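> Line by line, the protein sequences are chains A and B.
Using this note's numbering, the letters of the first sequence correspond one by one to residues 1 to 367.
Using this note's numbering, the letters of the second sequence correspond one by one to residues 1 to 444.
Rather than coming from a laboratory, the hints here were simulated on the basis of the structure.
Incorrect hints may appear among the rest.
Unchecked claim - Covered stretches of chain A (in silico footprint by chain B; criterion: 3 or more residues with CB under 8 Å from a CB of chain B, positions within the stretch not fixed):
#: 1; stretch: 14-28
#: 2; stretch: 110-123
To be verified - Pairs of lysine-lysine, DSS-like flavour, derived with a Cα cap of 25 Å:
#: 3; chain 1: A; residue 1: K234; chain 2: A; residue 2: K18
#: 4; chain 1: A; residue 1: K234; chain 2: B; residue 2: K289
#: 5; chain 1: A; residue 1: K18; chain 2: B; residue 2: K289
#: 6; chain 1: A; residue 1: K18; chain 2: B; residue 2: K368
Claimed, not checked - Just the calculated beta-carbon pair ranges, DEER-fashion:
#: 7; chain 1: B; residue 1: F354; chain 2: A; residue 2: V269; range: 39 to 47 Å
#: 8; chain 1: A; residue 1: A225; chain 2: B; residue 2: R424; range: 48 to 56 Å
#: 9; chain 1: A; residue 1: L30; chain 2: B; residue 2: F354; range: 52 to 60 Å
Source: prediction; values computed, not measured.
We put the beta carbon where it would ideally sit given N, CA and C, even for glycine.
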Amino acid sequence: MTSGKTLTLGNAPFVFDKRTTSSLMWGVSLSLLPAIAWGFFCFGAPAAIIVCTSILGALVGEAASSALRRRFTLWDGSAFLTGLLVGMAMPPDISPFIPAVAALFATVVVKGAFGGLGTNWMNPALAGIAFALVNWPTEMSRWTLPNRLSDVISVSGATPMGVARTQGGGLAALTSSATDSSVTTALNQGLFSRLGAQLPGGYVDLALGNKSGALGELSGILILAASIVLLARKVIRWEIPASIVVSFALLTWAFGGLVIGDGFFSGDVLFAIFSGSFLLVAFFMAPDPVTSPSSRLGMILYGMGIGTITFLFRAFGSRSEGTAFAVLLMDCSVPAISRLDAAMSRWRASRTPAPNGIDARGRSRAR
Amino acid sequence: MKPSRTFRHGGIRVEIGCDWEQKKTVQNAFLPNGAVILLKQHTGRQARCVVRRGEYVREGMVIGRADGPLSANVHASIPGIVRDIRVTALPEGGQAEAVVIALEGSFDRLGRREERYLWSSMGCNEILATIRDKGVVDTEEPGLPLFDILSEKKDIELLFVNAIESEPYLKAEACLLRDKGEEVMDGVAILRKVLSPKRTILASSGERPENLPLAREGAPAEEAEIEYFDLEPIYPQDMPRQLLEAVSGQKQGDALFIRPSTAYAVHEAVVHGKPMVERYVSIAGGALKRPEVLKARIGTPIGDLIEECGGFLGPPARLVLRGALRGHSVHDLDVPVTKTTSAVIALDSEEVGFLWRSPCIRCGRCAKACPERLDPDMLFRLVERGLTSRALGLGLGSCTACGACSYICPARVPLVAAFSAELRTLADAIGDGDSSGGDQGRIR
């Protein structure tokens, strides 16, 4: 063995967890592929073009703003994910120009201008979506039914939520597909009859994605499956999605019925959760660690805020959808929540004696 | 058997570096041709050199005398001629003198019948004097001399023998307990005589108590009082507060925590009159051909040990002493084994992994991993901006520099490096001249 060979020095620790920021980001993008594939399957090539231009817009924006900061951050996966999420929230026959501009706005103005990944205070993808909603309100609410639901290509058709809002009938106003009726019948005979319950028609279409809607948000089941994988692998934290879903479901159940003229505790929770962008936002956008609190208490407060505001927007807002704005509003409250966290940890630190002999005021403990 | 337990908050499961096992009995490493014996292998001042260049030293002879409190005697680990006495850099920082001995002459102990003293007839002071004389120090960094610990502590609540290796790559303590269980427990019994603790606990992980030397047939009565705990090897399951919390749910207590290797050194010193001249060292890491635990003489260059394990598979990315999570990296193979060198780890580039720092995305993994319930992300931001007093208000003072936050960080933010640098500056500012200031954590 030759001695005197020089090796690199470093600080402890010398080994690390295999996960890096970019592997987490790419993992989230990967898990969304089935939901997007379902959108492509339903709406064909135009949907693919929309998602691709959106991703392209995000990457161009990231490249430009990272070049200005003299840092190369294109492959950390965050811009790709932003573009993907913006694309997924688009109606299927929108001009590809709109998602591209929205994604560009997201990466340049919302993220790049504040210093890039980690320093933005607003969720870039949701800000991009909100940008599109505000600038192109009519284009952003022109929906078509999936090809498979109609014989003619590109029949316009309102989203289930829009129908529920305008006609006040929930699922009753929608025609359900053959798949839906057969699955519903099978479920009712095999499972729900034993439990003394019955599933009305239409929910299976809603959950599987046989409906009109944004191209990446159709299939609640696929989004839920992806989020279960991510939760199990601890890529996303459970606190925010759980508190959003619980608070939103409770409010919908208690007061959702009032809006369409029914009494208390008659809201249609299942319908509310599986329609619109709720699941995608709750599981993939709201838990964005950059713009959400990091303590458990903070995350639960944040999630409850989102659930409550989403319910209010959906019940009383001028649009049928409100999740994006709910998250952006709660992003504004994160500094206040963080201050609460800091107060908590100061309190904790004042009660715990310092094991290495330096107390909270920087003095050595007497022996 | 009690079920596996652990501490309440934080901790990480380290998956890397746990895939090797030491099946056979630990072998003695080859004797080095030249030993470099540091005169500072303990916390206090370096030992006063009592040999001269060209002098012949016998095996086990005192070459450095303890100089003041928290200093310890240093002995020659091999017989030979003192070739040089020079100042060298210590892996943990700082400098100290080292005595270089070239192997020569005959062995006084090796291959001869061991002496045997009956410690049960010895008084406490006699035992303490032997422990001091033989240079026994705590085998964990920073190597607190055992005499100083023992003379300060009397009639403690709890003596905790911790055989858990919660850091990856380390196996020496578990191997020692397996191979030399009786000797270790004898050492514990000696310590119990000196300390008269109310409770004695032995903790390890994944061992079956019947394999442990707890309930031997015909064991003396005092041995039977040792409680056994099987603790989960979640990192950092070897720190005092975490261990105490795992076994009793309390955060503080009057306890002494020792390693089996320390107890073994006590046994060797008191029963066989043997100074602390060898120790068990794990030699591991992905860059090594055959990871192994070896019993090495103090002063053996780590390069010799690596060679004995078949050498490197490829160029190592990092050479680390004592542990991949809390150790020190060294840049050459001439660094000698000291009384606190529990491991030599040669990491390959795959194990070191991706080191490029990316922006923090506030994912909160560091706060989840922190065993002291701190928010490393916030502390780092404060320390980076020089707001130390605010960081201390948020509990920076309770940081034990375990490195769990840095291990888990997906953005590779150098969290613990910043904290330990800050704490070192603070400790220097507080305890100038009070060299015991930073060591309370170990003997608390």
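> For each hint, tell me whether it holds in the structure or not.
The hints, checked one at a time:
Check on the stretch 14-28 of chain A: 11 of its residues sit with their Cβ under 8 Å from a Cβ of chain B, so the three-residue criterion for coverage holds. For the stretch 110-123 of chain A, the stated coverage by chain B holds: 4 residues have a C-beta nearer than 8 Å to a C-beta of that chain, and at least 3 were required. Under the criterion of a C-alpha separation no larger than 25 Å, the hint pairing K234/A with K18/A is consistent with the structure, at around 13 Å. Between the alpha carbons of K234/A and K289/B the distance comes to roughly 34 Å, so the proposed pair goes past 25 Å and is violated.
With a C-alpha separation of about 23 Å, the suggested pairing of K18/A with K289/B holds against the 25 Å cut-off. For a cut-off of 25 Å, the pair hint linking K18/A to K368/B stands: about 17 Å separates their Cα positions. Range check, F354/B to V269/A: Cβ separation about 44 Å, and the 39 to 47 Å hint holds. In this structure the hint that A225/A and R424/B lie 48 to 56 Å apart at CB holds, the actual value being about 49 Å.
For the pair L30/A and F354/B, the beta carbons lie near 18 Å from each other, so the given range of 52 to 60 Å is not met.
This entry does not satisfy hints 4, 9, going by the numbered hints stated previously.
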